Amino acid sequence: MRKRAAVLCGAAVVVAGCVTAAPADARSPYPAPAAPVAAVGWKKCGTADHPTLQCGSVRVPLDHTRPSGKKITLALTRVPHTGRTYQGPLLVNPGGPGGSGLTLAGFVASSLPKAVAAQYDVIGFDPRGVGRSEPALDCAPGHFQPVRPDSVPATTALEQANLTRARSYAAACGTKYADVLPHIDTIDAAQDMDIIRQALGARQISYFGYSYGTYLGAVYAKLFPERVRRLVLDSVVDPTGIWYADNLRQDYAFDDRHRAFMAWIARYDATYRLGSDPARVEAEWYAMRAALARRPAGGKVGASELEDTFIPAGYYDGYWPALAQAFAAYVHDKKTGPLVEAYEDLGAVDSAGGNGYSVYTSVQCGDTAWPRDWRRWREDTWAVYAKAPFMAWNNAWYNAPCAFWPASAKRQPLNIANGKLPPVLLFQATDDAATPYEGGVTVHRLLAGSSLVVERGGGNHGVTLSGNACLDRYLTDYLADGTVPRGHIGAANAVCEKTPEPKPAKPRAAASSPDSPEASGTSHGSLLHRLVGFRS
Numbered sequence: 001m002r003k004r005a006a007v008l009c010g011a012a013v014v015v016a017g018c019v020t021a022a023p024a025d026a027r028s029p030y031p032a033p034a035a036p037v038a039a040v041g042w043k044k045c046g047t048a049d050h051p052t053l054q055c056g057s058v059r060v061p062l063d064h065t066r067p068s069g070k071k072i073t074l075a076l077t078r079v080p081h082t083g084r085t086y087q088g089p090l091l092v093n094p095g096g097p098g099g100s101g102l103t104l105a106g107f108v109a110s111s112l113p114k115a116v117a118a119q120y121d122v123i124g125f126d127p128r129g130v131g132r133s134e135p136a137l138d139c140a141p142g143h144f145q146p147v148r149p150d151s152v153p154a155t156t157a158l159e160q161a162n163l164t165r166a167r168s169y170a171a172a173c174g175t176k177y178a179d180v181l182p183h184i185d186t187i188d189a190a191q192d193m194d195i196i197r198q199a200l201g202a203r204q205i206s207y208f209g210y211s212y213g214t215y216l217g218a219v220y221a222k223l224f225p226e227r228v229r230r231l232v233l234d235s236v237v238d239p240t241g242i243w244y245a246d247n248l249r250q251d252y253a254f255d256d257r258h259r260a261f262m263a264w265i266a267r268y269d270a271t272y273r274l275g276s277d278p279a280r281v282e283a284e285w286y287a288m289r290a291a292l293a294r295r296p297a298g299g300k301v302g303a304s305e306l307e308d309t310f311i312p313a314g315y316y317d318g319y320w321p322a323l324a325q326a327f328a329a330y331v332h333d334k335k336t337g338p339l340v341e342a343y344e345d346l347g348a349v350d351s352a353g354g355n356g357y358s359v360y361t362s363v364q365c366g367d368t369a370w371p372r373d374w375r376r377w378r379e380d381t382w383a384v385y386a387k388a389p390f391m392a393w394n395n396a397w398y399n400a401p402c403a404f405w406p407a408s409a410k411r412q413p414l415n416i417a418n419g420k421l422p423p424v425l426l427f428q429a430t431d432d433a434a435t436p437y438e439g440g441v442t443v444h445r446l447l448a449g450s451s452l453v454v455e456r457g458g459g460n461h462g463v464t465l466s467g468n469a470c471l472d473r474y475l476t477d478y479l480a481d482g483t484v485p486r487g488h489i490g491a492a493n494a495v496c497e498k499t500p501e502p503k504p505a506k507p508r509a510a511a512s513s514p515d516s517p518e519a520s521g522t523s524h525g526s527l528l529h530r531l532v533g534f535r536s
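Residue numbers for the sequence shown follow the working numbering, beginning at 1 and rising by one.
Among the hints, a few may not be true.
The calculated lysine-lysine pairs, modelled on DSS-like cross-linking and capped at a C-alpha distance of 25 Å, are [to be verified]: (1) K114 with K44; (2) K335 with K300; (3) K71 with K410; (4) K300 with K334; (5) K43 with K71.
Hints are computed from structural coordinates only; laboratory data are not their basis. Just so you know, these numbers come straight off a predicted model, no measurement behind them.
Please model the entire structure based on the sequences and the hints provided.
Written out as structure tokens, the structure reads:
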């Protein structure tokens with residue numbers, strides 16, 4: 001266990017007098033003065049991949065305006081530093097909202113160069129409501145049980161069926177978690193992070209967040225700028241669109257990404273035999289969707305489930321070969337097995353996914369007000385669908401509980417503009433669908449002195465520690481000594497070329513071994529994207 005503690009005002013606790021916090025009132029999102037925080041008691045919980053991993057927990061107020069009131073528990077993991085140089089805790093978050101960060105700590109610690117990782121205590125955590133934290137939310141188990149109604153409401157009956165699902169889900173959350181729901185949001189999670197900092201005995205923390213984790217990190221930095229040592233944001237959320245507008249922007253970006261996938265299949269027509277014209281391949285895909293709407297594959301994969309299965313391809317092109325094989329098998333031979341297998345691997349929602357979706361909706365619906373008039377949603381989504389049909393309605397129904405959410409948002413979205421931070425490092429792919437490129441540029445402008453590294457032509461979501469040596473070099477330099485690029489290449493300070501797109505997968509029998517990355521899907525990029533996940 002680590003013996004040193006930067007701000008321990010006693011052998012076992014960090015007391016509130018060591019930290020200055022602004023008082024809370026009805027107009028302020030800032031926390032009330034904190035009660036004493038007990039130091040984390042770490043226990044060994046190593047795995048074969050991460051033998052030095054430790055587990056712990058911290059208690060935080062359910063309501064930060066009442067620090068002496070009801071407490072909830074956050075689960076933590078740690079890979080302790082081993083180097084003589086110690087740079088403090090590095091908190092990591094995979095996004096979501098609703099993603100578990102416990103395993104990410106081991107991944108980050110093992111993926112960074114040993115000399116750099118050894119300088120940090122890499123800290124994973126499950127935000128409030130998530131995973132091993134208590135309570136862990138699961139509003140309506142089985143909500144995504146197949147086969148769901150077709151996402152595209154071509155008839156009044158389909159629209160009403162989907163609206164009934166959205167209303168019932170929101171009602172179930174409100175009934176089951178009435179006391180918790182008003183406190184599951186980004187600002188509360190950021191305030192939790194500062195209690196984690198205190199429990200770690202640290203004057204400052206460093207932070208590394210992917211996807212939604214970039215917004216969480218930016219909010220923490222706004223609330224506690226003096227507590228930030230280093231800040232890395234990868235695949236950056238646009239804070240000006242929280243959250244309704246951001247989801248509409250996603251629809252266009254995912255449609256572009258889906259078309260890029262169709263074009264990739266067309267380039268390998270000799271393998272997939274779906275046509276060398278991307279438009280023809282896309283037409284085949286929509287024909288498959290229509291057929292599955294009439295007769296779901298294996299009784300599991302209808303039109304909505306097909307979308308769920310192919311949406312991950314917009315997050316990570318490493319999924320393209322397997323999905324293309326399943327697509328081709330269905331078109332040519334009417335084989336449903338590969339589609340069902342792909343759905344179960346990428347699209348199906350298990351209990352962990354149910355927990356993730358519960359926190360996703362709670363945070364997104366609770367962070368800020370959403371339109372309450374369904375006519376607004378209908379009009380906006382049909383307008384998007386006319387130009388970008390791939391995910392428009394699927395995404396609308398995924399977020400539709402927010403139109404009926406029982407716990408109204410307490411605050412306006414926080415303005416994350418900040419001129420009080422040390423140098424911040426941002427990473428963004430130009431063709432990212434989940435967090436479109438403009439979000440990275442916007443946050444670069446809002447965080448004074450930040451540096452933006454762009455992956456030119458890249459479409460993956462989560463780009464560092466995923467196989468791009470150029471990007472990882474900038475990350476490593478920054479974590480080692482705070483170095484950031486200061487060039488000027490358009491809106492960016494540095495540009496890296498994209499990671500090459502995948503090649504068609506070899507047949508299983510011809511793979512070099514059953515444990516090869518191609519056969520098992522355990523390449524470094526695949527491991528990261530399993531942790532970052534899709535949506536929640």
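Exercise for the section: For the pair supplied as a hint, K335 and K300, confirm whether the alpha-carbon distance does not exceed 25 Å. Expected result: Given that 25 Å is the threshold and the Cα spacing comes to 14 Å, the pair holds.
Handout entry: Given pair status - K410, K71, alpha carbons within 25 Å
Key = The hint holds at about 20 Å.
Practice task
Mind checking the alpha carbons of K300 and K334 for me, to see if they're no more than 25 Å apart?
Solution key: 15 Å, holds
Problem - Pair hint outcome, K43 versus K71 [Cα-Cα no greater than 25 Å] - result: 22 Å, holds
Exercise for the section: Assess, step by step, whether the Cα of K114 is no farther than 25 Å from the Cα of K44, and give holds or violated. Expected result: Cα-Cα ~21 Å, so holds.
Hint compliance for this structure: every hint is met.
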